Amino acid sequence: MDKRKKKVGTDMVKRSRMLLTGAIVILVAFSLLIAAQIPPHINLGLDLVGGVYVLLEAREGEDEPATRDTIERAITIIRNRVDEFGVSEPIIQQEGDRRIRVELPDIDDPSRAMEVIGRTALLTFVDPDEEVVLTGANLDTAEFTYDQFNRPAVALEFDREGRDKFAEVTGRLAGTNEPLSIYLDDELVSAPVVDEVIGEGKAIIRGDFTAEEAGDLALILRSGALPVELVELETRTIGPTLGADSRDRSINAGIIGLSLLLVFMLIIYRLIGALASFALGVYVVLVLAVLTALNATLTLPGIAGLILSIGMAVDANVIIFERFKEEYRSGKTLRSGVEAAFRNALSTILDANVTTLIAAAVLFYFGTGPVRGFAVTLSIGIVMSMFTAIVLTRYLLRYLIGANIITNPNLFGVRGIEDNVELKGN
Amino acid sequence: MLNLKVINYRKHAALLSAFIIFIGIISLIFNGLNLGIDFTGGTNLHYKIGEPFQVEEVREILEEFGLGGSFVQKVGHGGLAEEEKDEVLIKTVSLDEEERNQIFMAIQERWDQGETEIIEVENVGGVIGRELQRDAALALVIATLGMIAYITIRFEFRFAMSAIAALVHDIIILLTVVSLLQIEINSPFVAAILTIFGYSINDTIVVFDRIRENLKEMKKEDYATVVNDSINQTIIRSINTSVTTLLVLSALFIFGGVTLRPFIAALLVGVISGTYSSLFVASPLWVTWKEWDIRKKKKVEAF
Chain A
341 MDKRKKKVGT
351 DMVKRSRMLL
361 TGAIVILVAF
371 SLLIAAQIPP
381 HINLGLDLVG
391 GVYVLLEARE
401 GEDEPATRDT
411 IERAITIIRN
421 RVDEFGVSEP
431 IIQQEGDRRI
441 RVELPDIDDP
451 SRAMEVIGRT
461 ALLTFVDPDE
471 EVVLTGANLD
481 TAEFTYDQFN
491 RPAVALEFDR
501 EGRDKFAEVT
511 GRLAGTNEPL
521 SIYLDDELVS
531 APVVDEVIGE
541 GKAIIRGDFT
551 AEEAGDLALI
561 LRSGALPVEL
571 VELETRTIGP
581 TLGADSRDRS
591 INAGIIGLSL
601 LLVFMLIIYR
611 LIGALASFAL
621 GVYVVLVLAV
631 LTALNATLTL
641 PGIAGLILSI
651 GMAVDANVII
661 FERFKEEYRS
671 GKTLRSGVEA
681 AFRNALSTIL
691 DANVTTLIAA
701 AVLFYFGTGP
711 VRGFAVTLSI
721 GIVMSMFTAI
731 VLTRYLLRYL
741 IGANIITNPN
751 LFGVRGIEDN
761 VELKGN
Chain B
116 MLNLKVINYR
126 KHAALLSAFI
136 IFIGIISLIF
146 NGLNLGIDFT
156 GGTNLHYKIG
166 EPFQVEEVRE
176 ILEEFGLGGS
186 FVQKVGHGGL
196 AEEEKDEVLI
206 KTVSLDEEER
216 NQIFMAIQER
226 WDQGETEIIE
236 VENVGGVIGR
246 ELQRDAALAL
256 VIATLGMIAY
266 ITIRFEFRFA
276 MSAIAALVHD
286 IIILLTVVSL
296 LQIEINSPFV
306 AAILTIFGYS
316 INDTIVVFDR
326 IRENLKEMKK
336 EDYATVVNDS
346 INQTIIRSIN
356 TSVTTLLVLS
366 ALFIFGGVTL
376 RPFIAALLVG
386 VISGTYSSLF
396 VASPLWVTWK
406 EWDIRKKKKV
416 EAF
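Residue numbers (the working numbering), protein chains in the order written: chain A, 341 to 766; chain B, 116 to 418.
Derived from the structure by calculation, the hints contain no laboratory data. Computed from a predicted model, the values in this text were never measured in an experiment. Backbone N, C-alpha and C define an ideal beta-carbon position, used for all residues, glycine too. Not one of these hints is a red herring.
With a straight-line Cα cutoff of 25 Å, these simulated SDA-like cross-link-like pairs (lysine to any residue) come out:
{"hint": "1", "chain 1": "B", "residue 1": "163", "chain 2": "A", "residue 2": "584"}
{"hint": "2", "chain 1": "A", "residue 1": "672", "chain 2": "B", "residue 2": "328"}
{"hint": "3", "chain 1": "B", "residue 1": "334", "chain 2": "A", "residue 2": "669"}
{"hint": "4", "chain 1": "B", "residue 1": "206", "chain 2": "A", "residue 2": "449"}
{"hint": "5", "chain 1": "B", "residue 1": "189", "chain 2": "A", "residue 2": "448"}
{"hint": "6", "chain 1": "B", "residue 1": "163", "chain 2": "A", "residue 2": "589"}
Cβ-to-Cβ under 7 Å is the rule here; a few derived chain A residues that face chain B:
{"hint": "7", "residue": "574"}
{"hint": "8", "residue": "575"}
{"hint": "9", "residue": "577"}
{"hint": "10", "residue": "601"}
{"hint": "11", "residue": "706"}
{"hint": "12", "residue": "711"}
Here chain B stands alone, though its shape is the one from the complex (with noise of 0.2 Å):
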């Protein structure tokens, strides 16, 4: 068994989560998040046009119908020179199918030497954008308020917030990483923040419940001794699963293909500062409680 004392330095732990939070919210404040089409509405075409092109012409293009103000980038497989892309991809506001039509149809006139192809086309009204800020705000909720009430019923209370707590944590901490990369947030991201959820709190459960177990064998021990053994004794586990998880998703980030990368990049973030927060966040958030709990008893009894 290792011997680690990581209660021990549950205040340098603090000071570090507090300055990346820190950090995050001047990013927040300042940089914002990058919301994709989904929460904002909008249109995002991306074409094959099949032959060298010039972003400029393709805007040209678009100020025909009043659209020049729109996101225009080259993009094409990995691997090729920035002339060689014959893909291009536009950012607008949410358009109507005919007027989609009639972009991808002049894209063609211009452009009638290559095999111009619809890769991707999406749009989104305003309406359902905000019906999913609404809905991933509530599934958050739920999700939360379900852990709770679930971990309060086989722990304690105690156990619930201290795992709560470090699960905001990670969200805090994905945030602050997707602000400061400014990685497109679309439903997806959702999806990984719940997963997130999930992950943080399977891995603070793990020690948890070798806290609960260590409790009662351990009667004589302060919390934090018994605590420092329980991550002692958990945390190959933690480690191991935390290496198996992080290689498929290394995996899929570098051969998975683009449209997922910023999924995948999320769920990085997550299970990296999960399994962090488990050791450094909810258990000494814990111990801390029992602690404070404990003098606040004795002071009512010195009175």
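Isolated chain A, as found in the complex (with noise of 0.2 Å):
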């Protein structure tokens, strides 16, 4: 064994040492830098901060195909809703031919909002001949505002020529004592009496309404109704409490789970089980670093997935660790050793993960939504890992070994080469 041991250059020694020490008060500078920039900066999905997830279809009238144009003013309007419904970092895409997603995370009140962006708003006047003589398409705008009793109700002004359409409808009616109804998809909402001509195209709605369903009528009415009508395919809603208890468990779980793979790494490898601990943790913050500038969401399924990428990253030092002891029994010395174990692990690693890939991009594929974000961290997590164990790892064992800090093999795991010999004979 000693023969082995040749003497390395004092000088050699001083310069892995110094790279050796240079490179882990970098990485973790860089690391506590970016760690930083994570938590403001990551897009949480809907399963961890709470909200509404909808997925609805245009419903295909006889006359009315659902075109690439209609879809595409149907989000502009749901859009133009949900902004002014106030929420923050909304995602509003087209899915397929018909389909548009909505995701609108964190939200107090799930059923109000579904109100809001699914309804289609079609308003129409009706005059007793039950004849359509005026509709939304009309509205100049929409306003909230009280009644003369105080009540709720939805102040409308047309344009020009809903102006124009008005007063002859209320002319006509004036002093008939006969309603004009007010329908709203359908539904009848107020059919007031008319008692003279109203020149200036102005009217108020009245309903049964409360102060905030007045006020989200006039939010519809204003943003113009959809052009087709949206039926509700997939809705997932999700409080709250149970986002913030499923982000706390999951980072919980996260930590316990990666402290065991510390101390596992610990106790089978020693000090290079701490190396590989210490190019773990680079990896988990280089993961949520991509994951953050590649503006993807974090889901639960994605936390899983990250927490799954951890322990088989772990696999990759493994693979090499493991060789790297069979190149030291079968006679090298630690600094070839680890070249060799490096050269021969490397396509082991790459095959290996390759497959994994395969079935990740597969998932990505076919995958919405929660699975989705699951492909997009496991991919990444894939490929990071490949990264921290190729290249950190290798480079941090090299300058470990030259800056002669490693010199009992058992250090690393590795039994005396007397047990070894006695392996061999069997």
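Dock the two chains into a complex; use the hints.
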């Protein structure tokens, strides 16, 4: 054993020690710097903050096929409504030909949000002959107001064309004691009797509204009716309590899992286990940083994917270390053992990880929402784990050996060469 | 290096796997799978009622909506006694926005002392469920083909097919466990299956990679010896990696909250069976196939 321990030049040792210390200091500093930037910038999925996810589909009428244009207009209108509703960072996207996906994070009253998004909001004024005389298309604005009895109501103002039509119909109905019915999506909201001609194009809708309902109705009317009826295909509402609970628990579980992992690595691989643990710490920061930079959303399965990928990231290190032990036992020096281990382990790590990446890519393509989030974190995790194991662990290990810190094989969990001879005798 | 003769036990291993798969098939026939609303369509309503209640009382309210046959369960955070649980979980057919609202308001009215709160509401239409089933099947097929192609290019076709056989073995074992325990399957489960795809193949590839390497150096040895040696050289790594992965998964399972539990359970089963199958299914299969090829060749030569 002593034969193999060549005297290494003291300059070389000094240089390695400097590089090792430098690398660790720089990595720690960088990691902390980046880590501090992550929490305020990372997107958390609905399942972690609470919110509403809705998948809507345009129902095709016979005379009204859902064209690309109608879907786009519908999206614009929904976006306006959501913006006015006051949701931070909503996602409103077309999915497939006729579908719209809406994600609203951090919402207190999900059912109210649904009401605002999904409502077609086609306003019609119908005369006693059942003829539509005026629609919401002629609206200029709609505002929340109070009527003369101080009850919540919606004040309407028509555009020029609407004003003329309104004057015409109110003139026709004035004094007849017959009502002008106001419908919202085929639902009768109110049916006032007209007393006199209304020429200035203003009207009030009175209904049995609460202040909130009247406000929301004004909002929907302002943004215009959806050009097509949207049907709800899928809804997921996660209350804020559940979101926060899932987030805290998964973070806790992650910390516990990671600690267990580190202890295991230290017991089995001693000093190089510590090195690997350090590399894993850098790895976690890197993955989160890439996720943040890509503006990806971290979902609950995503966190699970991340924690799982930590477990698997250890694998690359384990493959290298086991190979290293083998090379050392077969009579190589520490230094050449490390190089041989990396050379031989590289193809193993690559082949093993590419197959997992294939699964993750397929998952990304076919999955939606949280599942897709899982695929993203898993893929990024795999790529980053290869990077930390092949690049980071390798250089750190090289310097560690160069620095003459590892002299006793016990420090990395290899038993003495005597055992080795015995085993080989089998 | 260890000196296990894994290949010599291939018949025992095959019997064990066949036995588990047999139980699985029986269970799949009689128990079936507990498919959740992601696959079947339907509505789950999870509300906090905020005060003690009886399941029957909730059912009475549901009966007013013609939903008396729904699944109703008391739930609550871990450690609470049955009487203290103040949350309700209702599983029923797909309901629209208005129906869901009315049910929630009815519950709010009935228990007006406590703080009623929406914990989670999920509604999945039947169309989406069917689409998920189709997409999941398609995803599994494409992932399989992709892996066969990659392994065939990097190794050989026999390796690819043996690895895939081990994979199918793992998926059947997973389905067996899921069917026996009646774990509810939703879309994250598809993610779990694909992760197991990745993990199981990953594990198998590490062994195969070593077989490939040893084949070049041990030309005189027979296949069983080469594979036995290769397994012995990689088994520590297989075990260590499984242990680290199982450690994190167990932490997630125990501390990670109820929502994730079926998903993590599936991964736990997959990791264990994935490690087992690379050693006891994929490698023996490959050896058997190779030996069979040689015998076939010899027979041809003998004629």
